[in-house]
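Undergrad: Construct all of the structure, not just a fragment, from the sequences and the given hints.
Protein chains: 2
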Amino acid sequence: MNKLTIIKIGGNVIDDPKSLDQFLTDFAQRTEPAILVHGGGKIATQIGNKLGIEAKMVDGRRITDAETLDLVTMVYGGLTNKKIVAQLQSKGFNAIGLTGADGNVMLAKKRPVKKIDYGFVGDITADGVNTSLLQSMLNQGVNPVFGALTHDGEGHMLNTNADTIASVLAVAMSREFEVELVYCFEQPGVLSDFENKVVIPVLEPKNYQEYKDSGVINSGMIPKLDNAFDALNAGVKSVRIIQFSDLNQAEAGTLIRL
Amino acid sequence: MNKLTIIKIGGNVIDDPKSLDQFLTDFAQRTEPAILVHGGGKIATQIGNKLGIEAKMVDGRRITDAETLDLVTMVYGGLTNKKIVAQLQSKGFNAIGLTGADGNVMLAKKRPVKKIDYGFVGDITADGVNTSLLQSMLNQGVNPVFGALTHDGEGHMLNTNADTIASVLAVAMSREFEVELVYCFEQPGVLSDFENKVVIPVLEPKNYQEYKDSGVINSGMIPKLDNAFDALNAGVKSVRIIQFSDLNQAEAGTLIRL
Numbered sequence: 001m002n003k004l005t006i007i008k009i010g011g012n013v014i015d016d017p018k019s020l021d022q023f024l025t026d027f028a029q030r031t032e033p034a035i036l037v038h039g040g041g042k043i044a045t046q047i048g049n050k051l052g053i054e055a056k057m058v059d060g061r062r063i064t065d066a067e068t069l070d071l072v073t074m075v076y077g078g079l080t081n082k083k084i085v086a087q088l089q090s091k092g093f094n095a096i097g098l099t100g101a102d103g104n105v106m107l108a109k110k111r112p113v114k115k116i117d118y119g120f121v122g123d124i125t126a127d128g129v130n131t132s133l134l135q136s137m138l139n140q141g142v143n144p145v146f147g148a149l150t151h152d153g154e155g156h157m158l159n160t161n162a163d164t165i166a167s168v169l170a171v172a173m174s175r176e177f178e179v180e181l182v183y184c185f186e187q188p189g190v191l192s193d194f195e196n197k198v199v200i201p202v203l204e205p206k207n208y209q210e211y212k213d214s215g216v217i218n219s220g221m222i223p224k225l226d227n228a229f230d231a232l233n234a235g236v237k238s239v240r241i242i243q244f245s246d247l248n249q250a251e252a253g254t255l256i257r258l
Numbered sequence: 001m002n003k004l005t006i007i008k009i010g011g012n013v014i015d016d017p018k019s020l021d022q023f024l025t026d027f028a029q030r031t032e033p034a035i036l037v038h039g040g041g042k043i044a045t046q047i048g049n050k051l052g053i054e055a056k057m058v059d060g061r062r063i064t065d066a067e068t069l070d071l072v073t074m075v076y077g078g079l080t081n082k083k084i085v086a087q088l089q090s091k092g093f094n095a096i097g098l099t100g101a102d103g104n105v106m107l108a109k110k111r112p113v114k115k116i117d118y119g120f121v122g123d124i125t126a127d128g129v130n131t132s133l134l135q136s137m138l139n140q141g142v143n144p145v146f147g148a149l150t151h152d153g154e155g156h157m158l159n160t161n162a163d164t165i166a167s168v169l170a171v172a173m174s175r176e177f178e179v180e181l182v183y184c185f186e187q188p189g190v191l192s193d194f195e196n197k198v199v200i201p202v203l204e205p206k207n208y209q210e211y212k213d214s215g216v217i218n219s220g221m222i223p224k225l226d227n228a229f230d231a232l233n234a235g236v237k238s239v240r241i242i243q244f245s246d247l248n249q250a251e252a253g254t255l256i257r258l
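Going line by line, the protein sequences match chains A and B.
Sequential numbering of the first sequence, starting at 1, is according to UniProt numbering.
Sequential numbering of the second sequence, starting at 1, is according to UniProt numbering.
Heads up, a few of these hints could be off.
[As the list claims (entries may be wrong)] Estimated spans, in silico, between C-beta atoms of each pair:
no., chain 1, residue 1, chain 2, residue 2, range
1, A, T31, B, T45, 39 to 47 angstroms
2, B, A234, A, E186, 49 to 57 angstroms
3, B, D59, A, D15, 33 to 41 angstroms
4, A, G141, B, S214, 24 to 32 angstroms
What the hints contain is simulated information worked out from the structure, not anything from laboratory work.
All C-beta atoms in this analysis are idealised placements derived from N, C-alpha and C, irrespective of residue type, glycine included.
TA: What follows is the structure, encoded as C-alpha cells:
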C-alpha cells in the first residue's frame with residue numbers, strides 16, 4: 001500500500017504569515033502524497049466583524065446561520081484556501097484547493113435540529129467521501145488542500161469541523177493507502193506536564209486510560225484523543241500530534257497507536 | 001475528437017438567484033463535457049463596500065490592489081464559486097470549483113507596469129493552461145467551474161478577466177477537443193438593431209467587417225468579437241453569443257465562425 005499523510009492545521013498557523021510560510025515550506029518538501037486540511041483562523045472573525053456578522057452562540061455552542069455560512073464559504077473556501085494553494089505552487093508543490101462540494105468529494109448531512117439548531121453544519125462519515133477522485137488526483141501528483149466545508153447534496157454548503165474532516169478523510173482513504181494522520185498544534189505534543197512542556201512520546205490505549213484516570217491529560221484534549229483512537233480503530237495506521245514547526249521531525253510530538 | 005463546451009456567464013446571471021438557478025438547471029442537463037467560467041457580479045462590490053474597499057480606478061481602468069485581490073479571491077474563488085458548485089451537485093451534475101492556482105491549471109504573468117500599474121492582474125496565454133489535469137477531470141465526468149482568478153507561480157493569486165479565461169481555455173483545450181465557446185449575455189445575441197432586438201444569426205469575417213464599417217455593431221462589442229475571431233483562428237471550432245436563458249436552444253443567438 002502507498003503511504004498518504006493527512007495533516008490538519010489550525011488558526012495558530014494560519015493567523016501568522018511567518019508561521020504559515022515556514023509551515024508551507026516544510027510541507028512542500030514532502031515527496032509522498034499528502035492532503036492538507038485547514039480552518040480559517042481569526043481572519044474569518046475579523047472579516048465577519050467588518051461585515052456586521054456576529055458570532056452566534058446558543059448554550060455555548062457556535063451556530064452557523066445563513067450569513068455565517070456565506071462568511072466561512074468566502075474565507076475558508078476562498079481567501080485562506082487559495083492563498084495556501086498559491087503559496088504551495090510557488091514552492092514547487094502541486095496543490096488543489098477543495099471543499100466537500102468540489103467533485104462531490106465529501107457529502108455531508110445537515111445536522112438534525114434537536115435541542116439546538118446548529119444551522120448549516122454538516123456531519124460526515126467515511127462513506128460520504130469520494131475516494132476515487134482524490135486517489136486519481138494524488139496519482140497525478142496533485143495534492144488536495146481542504147477548507148473546512150462540505151455540502152448536503154441539496155444545493156447548500158455546510159460548515160464542518162476541520163479536525164473531523166481530517167479524521168474522516170483519513171479513515172476513508174485508509175481503504176486505499178497506509179494513512180498517517182497528523183494534527184498540528186501550538187504545543188509540542190500531548191503534555192504530561194503543561195508547565196515544563198513534558199511531551200508524552202507514545203499514547204496507546206492502556207497508558208491513555210491511566211493518564212485519563214489520573215487526570216494528567218487535560219480534559220480539553222480528551223475528545224481529540226478519543227477521536228484519534230476511533231480513527232485508528234477504523235483503519236488509520238497512526239496518528240501524530242505535533243507542534244506545527246516540527247512537521248518534518250520524524251520523532252516529534254506524540255505518536256498515538258493501538 | 002470529443003466535444004467540449006466552454007460557457008462564460010457574467011454578473012447579470014450571477015446577481016439574480018432565480019436567473020442563476022434556471023441557468024444552472026439548463027446547464028446541468030448537458031450530457032457532454034463542459035467547463036463553466038464565471039465572474040463575481042455585484043456581490044463583490046457590495047461586500048467590498050461593507051469592508052470599506054473602494055473600487056480603484058486609474059484613467060478609467062480598474063486597478064486590483066492587495067485588498068481588492070483579497071476581496072475577489074473571497075468572492076469569486078469562494079462564495080460565488082462554491083455556491084454554483086453546490087447547486088450543480090444538487091442537480092446531479094458533478095462540478096469542481098477551480099481557480100488557476102488549483103492544480104496549477106492556469107499560470108499567468110502579472111501585468112507589467114507601464115503607464116498604468118494595474119496591480120494584481122494576470123495576463124494569460126494558452127501555453128499557461130494545464131490541459132492534462134482538466135482532461136483527466138473531464139474524463140472522470142467532473143466538470144470544472146472557474147472563478148476569474150489565476151496565479152503567478154510566485155505565491156500570488158491574480159485577477160483575470162472572465163471573458164479572457166474562457167477564450168484562453170477554449171484555445172488550449174482545442175488541442176484535445178472540438179471546442180464550442182459560448183458567451184452568455186443579457187441580449188439575445190449580437191444585434192443589428194438594438195431597439196427591435198434583431199439578432200445577427202451568423203457572423204463570419206466578411207459580414208463582420210461590413211457591420212463594423214457601417215457602424216451597425218456597437219463599438220463595445222468589437223473587442224469581444226475580435227477576441228472571438230482570434231479564438232477561432234487559434235483552433236476553436238465555433239463561438240456563440242446567446243442570452244443566458246437560451247443555453248439549450250441550439251439555434252439561438254449569434255454563431256461566429258470562420
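Undergrad: All the hints need checking, so say for each whether the structure fits it.
TA: Results for each hint:
{"no.": "1", "hint": "T31/A <-> T45/B: 39 to 47 angstroms", "verdict": "holds (44 angstroms)"}
{"no.": "2", "hint": "A234/B <-> E186/A: 49 to 57 angstroms", "verdict": "holds (52 angstroms)"}
{"no.": "3", "hint": "D59/B <-> D15/A: 33 to 41 angstroms", "verdict": "holds (38 angstroms)"}
{"no.": "4", "hint": "G141/A <-> S214/B: 24 to 32 angstroms", "verdict": "violated (54 angstroms)"}
Going through the hint list in order, the structure does not satisfy hint 4, though it satisfies all others.
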